[in-house]
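*Asks:* Based on these hints, arrange chains B, C and D on the given structure of chain A.
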Amino acid sequence: MSESPTSSKTSRLLGVAVALGAIALVLLAFIAVEPDVRINAETGQEIGQFDAVRLLFVHVPAALIAYLAFTVTTVGSAVVLWKRSVWWDVVAGASAEIGALCAALTLITGSIWGRPIWNTWWEWGDVRLLTTLVLFMLSLGYLAVRRLEGTATERARRSAIVGLLLFLNVVIVNRSVEWWASQTLHQKSTIADATIEGNTLFTLFFAMVVGVGAYVWMMIHRFRLAWLERMSDRFGTDDLLAARRAEADDHARIASAVGGTSPEGESS
Amino acid sequence: MTHLVYLIAGWGITFVACGVYAMSVMRRSRRVAARVPVDRRRWMTAKDADQLGES
Amino acid sequence: MDSVVSLRQAIVLLGGFPALAGADLDVRSGEAVLLQGPNGAGKTTILRLCAGLARLESGTAEVLGVDLATDRVAVRPHVAYAGHRSMLYDELTVAENIDFWGAASAVNDDERWAAADRLAVDERLHDVEVRRLSAGQRRRVSLAVAAARRPSLWLLDEPHAGLDQAGRDVVDQLIADATDAGASVLIASHELDRVRRSAGRTVTVAGGRVLEAVARG
Amino acid sequence: MVEARPRVGGAAQAVLVAKKDLRIEARSRVAINQVVPFALLVLVLFGFALDADTAALRNFAPGLFWLAVLLAAVLAVHRSVSVESGDGVGDALLLAGLRPDAVFVGKTLALGGQLLALAVVLLGGIVVLYGASIEDAGLLVITLIAAVIGIASTGTVYGALLAGQQARETVLPMLLLPVLSPVLIAATRAWGDAMGTVATDGWAWLALLAGFAAIYSLVGAMSYGTLLEAAHV
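First to last, the protein sequences are chains A, B, C and D.
So the mapping is simple: the working numbering equals the position in the first sequence, first residue as 1, plus 260.
So the mapping is simple: the working numbering equals the position in the second sequence, first residue as 1, plus 670.
So the mapping is simple: the working numbering equals the position in the third sequence, first residue as 1, plus 30.
So the mapping is simple: the working numbering equals the position in the fourth sequence, first residue as 1, plus 13.
Derived from the structure by calculation, the hints contain no laboratory data.
Hints may contain errors.
[Stated by the list, open to error] With a Cα cut of at most 25 Å, we get these calculated SDA-like pairs of lysine to any residue: (1) D:32 x C:155; (2) A:269 x B:697; (3) A:269 x A:492; (4) D:32 x C:139; (5) A:343 x D:238; (6) A:343 x C:158; (7) A:343 x A:507; (8) D:32 x C:107; (9) A:343 x C:231; (10) D:32 x D:211; (11) A:343 x C:90; (12) A:269 x B:679; (13) A:269 x B:704; (14) D:32 x D:102; (15) A:269 x B:691; (16) A:343 x A:269; (17) D:32 x C:46.
[Stated by the list, open to error] Label-pair ranges, simulated between beta-carbon atoms: (18) C:196 x A:495: 50 to 58 Å; (19) D:212 x A:298: 34 to 42 Å; (20) C:211 x D:46: 41 to 49 Å; (21) C:231 x A:503: 22 to 30 Å.
The C-beta atom is built at its ideal place from N, Cα and C for all residues, glycine as well.
Bound-form chain A, shown alone (with noise of 0.2 Å):
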C-alpha cells in the first residue's frame, strides 16, 4: 500500500502504537479479564454480566469518544464565531464527523450487550440510552449541515452556530428525558461496584487509553484530507482567477486593435 498523503512521522509513530494497543487490548479483553460471575448471597445461584463483561471495553471507549469528541466540535464552534478561526472550523467538521461514528458504535455496541444482559434490544427507560441515541441523530444534521451548498466562510459560519447548539441541546435533551423516563437500567454502579476485579478495571482504563489514542489518529488524518480540500480548492481559484485575468486581457487587447471603442458584437 503506497504511502498516505495525510501521513507523517508523527501520525505515523502514533498510529503503530494504536495497532499494537488494540491487539493488547484483545488479549487482556479475552485472557485477562475474567467472565463476570457472582454468585447471589440468598438464592446461592449464579448471577452477573459472564463473559458479555467483555463488550464493555468497546462500548464505554467509544462512548467517551463520542462525548469527548462533540465537545471538540461544540469549542471549536464557539472559537470560529468568535475568532472566525479556520483552523477550528476544519477541526469542528473532523471531530463531528467521528462523533458520529462513535455515537453510532456506542449505540450498536450497547444494544448488542443490553441484549443478552437486560433481555433487550433497546431500554426506553433509560436516560443515557435515549440522550446518546439523540445526540446521533443531532450529529447527523450538523453534518447535513456540513455539506450544504455555499462559500468556505458561509458553511464555516453556519455550521458553527448549529455546533454550537449541539452541545446546548444534548444538555436540554440529556434533562428532559432524565425527568421522562421513570427508572434507570444503566450501569451507574458498574464502574463503582466493588466487584470490579483490579483486572477488569485496569483493562477498561487501557480501553480508554487506547480509544483516546485512535481519537487522535483519526483526527490528524481526517483534518489533513479537509485541509487538502481546501488547498485544492484554493488553487482551483487561483487557476480561475488566472483565465478569468486573461479573459480581461483578450478583451483589452480586441479593443484596442478596432481603435478603442469595445466591442458591440459581444454585447447582448
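*Replies:* Frame of chain A, contents of chains B, C and D only:
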C-alpha cells in the same frame, strides 16, 4: 465462553467500522492530494489559515 | 470632489468562481457612470459589492466612506440597488409593498407616495398584488421603493430592461434627478446609446476587471 | 460621509415583520388550506394506526396531539422561509437595514401565531376524535403557549439556516425534529397532567418548556444576523 456471538458481533462491528472509515479517509485524501501541488501538501500553518480564510 | 466608490484590486468569489478578478473603480459624488461589457463580465457583481451584498475576498473597497472589508452592513441603508429581481413580496399588493419597505427603512408616508408618483406608479395598481403586475410595472414599483429612501448611491442593473418608452423616460429622469441632488449613480447596461446620454462617463468591464475609463466624447 | 438616518425601534420593526407575514398568510392561505388539513389528517391516521381503540386514543391523546403539531410545524417553517425567498426579497431585507433580531422576533411571532391557531383546531380534533377531556385548563393553555414559542423560535432559527438551500425540504425535518424532541416529551407530559391521563407534575414540565423557549429565543435573536449574512442566496 458465553455470549460468543454477541462478543464477535460487538468487537467485529467496532473494528470493521473504524477500519472502513480510516480507509475511506485515506482514499479520499489520495484523490484530493493529486490536485494540490506537492510543495503545498504541508499541514496547515497560521499563514495558510490566513490565506484560506476570512477577510 | 469626494470619492463615493473606490475599489482597488477588488476580488469577489461567487461559489469559488472569481466574478471580480481585481477590479479598480472610482466614482465621485454627483457622478453618473455607465458600466458596459459582455455578459458575465462582472458588472452585476460590482454593483452587488458596492451595495454591501457581495463579500470582498481581497483588495480594498470603500463605498460612502465605509470600508466594505470590515463592515458591509453600514453602507446598505444609504444605497439603492435595483437588479433583475423585483425585490418585492409577490403576494402583497403594490401599496402594501411600498408601505412595508418604506416603514422598514424608516421612510415617512409622504416620501413613500411622492416617490411612487415620481415613478408614475399608476394609482389603479395600488391594490393589485405584485404577482399580477407586468415586468415593467414591477420595475417601477421597486424603483419607487428605492427612490423613497433618498439614497446617496444608486446601483442600477439594466434599469431599462422590460420597460416601455414612457417607463424608460421615467428612469432617465430618475437618474438626472439623482445626480442633480448630488447622489451618484452606477448603471450597468447594454443599452449604451440610451444610458450614455445620462451618464457622464463610460467604463468597460471584462473578465472581472475594469479595463478603461472613456470620458464623455 | 454616511450620516445617521432616523431608525425605527426594534419592537416596531418586529411588529412590522410579523404583520407582513400574517398578511401574506391571510392572502395565500397556505396554513389554513394545507397545514391545518394535514395536521387533522395525521390525527385521523393515528386513529387508524391504533385500531380506533378508544381507551388507547384517549390515553395517548396528548402525545399524538404534539406529534401532529411538530409535523405540521415543519411545513409551517418551510412556508415561513419561502416567504422570504421570493424574487430578490432576501437582498431587499438586508438592504432595508432592519435589525436582524427584530426580524427574528417578528418571524417567530407570526409563525407562533399560526401554530397557536393550528393547535386550537387540533385540540378540538382530539376532544372530538379521541375523547380527550380537559381537567386543568390553566396548565393546558400556558403549556401550549410556552411550547409554541419554543417550536416557533427553533423553527425560525433552523429555517434561516437553510434559506436558499435546495436540500431544505429534506434537511429541515432531520435537523428540527431531534432538536424539538424535548418539547415533545415535556409538552406531552404537561398535557398528560392537564388531561388527567398521567399522574405527573405538569407544572415542572412547563418549567422545562419555558426554559427551552427562553434559550432558543435568546440564541435565535443573537445568531439571526449571522445566519442571514451566511444565507446562500
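*Asks:* Would you mind marking each hint as holding or not holding in the structure?
*Replies:* Hint-by-hint comparison with the structure:
1. D:32 x C:155: Holds: residue 32 of chain D and residue 155 of chain C sit about 22 Å apart, inside 25 Å.
2. A:269 x B:697: With Cα atoms ~19 Å apart, residue 269 of chain A and residue 697 of chain B stay inside 25 Å; holds.
3. A:269 x A:492: It holds: about 23 Å lies between the C-alpha atoms, which stays within 25 Å.
4. D:32 x C:139: Within the cut-off at roughly 18 Å; holds.
5. A:343 x D:238: Holds: residue 343 of chain A and residue 238 of chain D sit about 17 Å apart, inside 25 Å.
6. A:343 x C:158: The given pair, whose Cα atoms are some 48 Å apart, is violated under the 25 Å limit.
7. A:343 x A:507: violated, 37 Å
8. D:32 x C:107: With Cα atoms ~22 Å apart, residue 32 of chain D and residue 107 of chain C stay inside 25 Å; holds.
9. A:343 x C:231: Roughly 42 Å between the alpha carbons, so the hint for residue 343 of chain A and residue 231 of chain C is violated.
10. D:32 x D:211: With a Cα-Cα distance of about 39 Å, the restraint between residue 32 of chain D and residue 211 of chain D is violated, given a limit of 25 Å.
11. A:343 x C:90: Holds: residue 343 of chain A and residue 90 of chain C sit about 21 Å apart, inside 25 Å.
12. A:269 x B:679: violated, 34 Å
13. A:269 x B:704: Measuring from Cα to Cα gives roughly 21 Å; hence the hint holds.
14. D:32 x D:102: holds, 16 Å
15. A:269 x B:691: Measuring from Cα to Cα gives roughly 21 Å; hence the hint holds.
16. A:343 x A:269: Since the Cα atoms of residue 343 of chain A and residue 269 of chain A sit roughly 31 Å apart, the hinted pair is violated (cutoff 25 Å).
17. D:32 x C:46: violated, 38 Å
18. C:196 x A:495: 50 to 58 Å: 52 Å Cβ-Cβ, so the 50 to 58 Å window holds.
19. D:212 x A:298: 34 to 42 Å: Holds - the Cβ-Cβ distance for residue 212 of chain D and residue 298 of chain A, about 37 Å, lies within 34 to 42 Å.
20. C:211 x D:46: 41 to 49 Å: Given a distance of about 47 Å, which is inside 41 to 49 Å, the answer is holds.
21. C:231 x A:503: 22 to 30 Å: holds, 29 Å
Violated hints for the displayed structure, listed by number in ascending order: 6, 7, 9, 10, 12, 16, 17.
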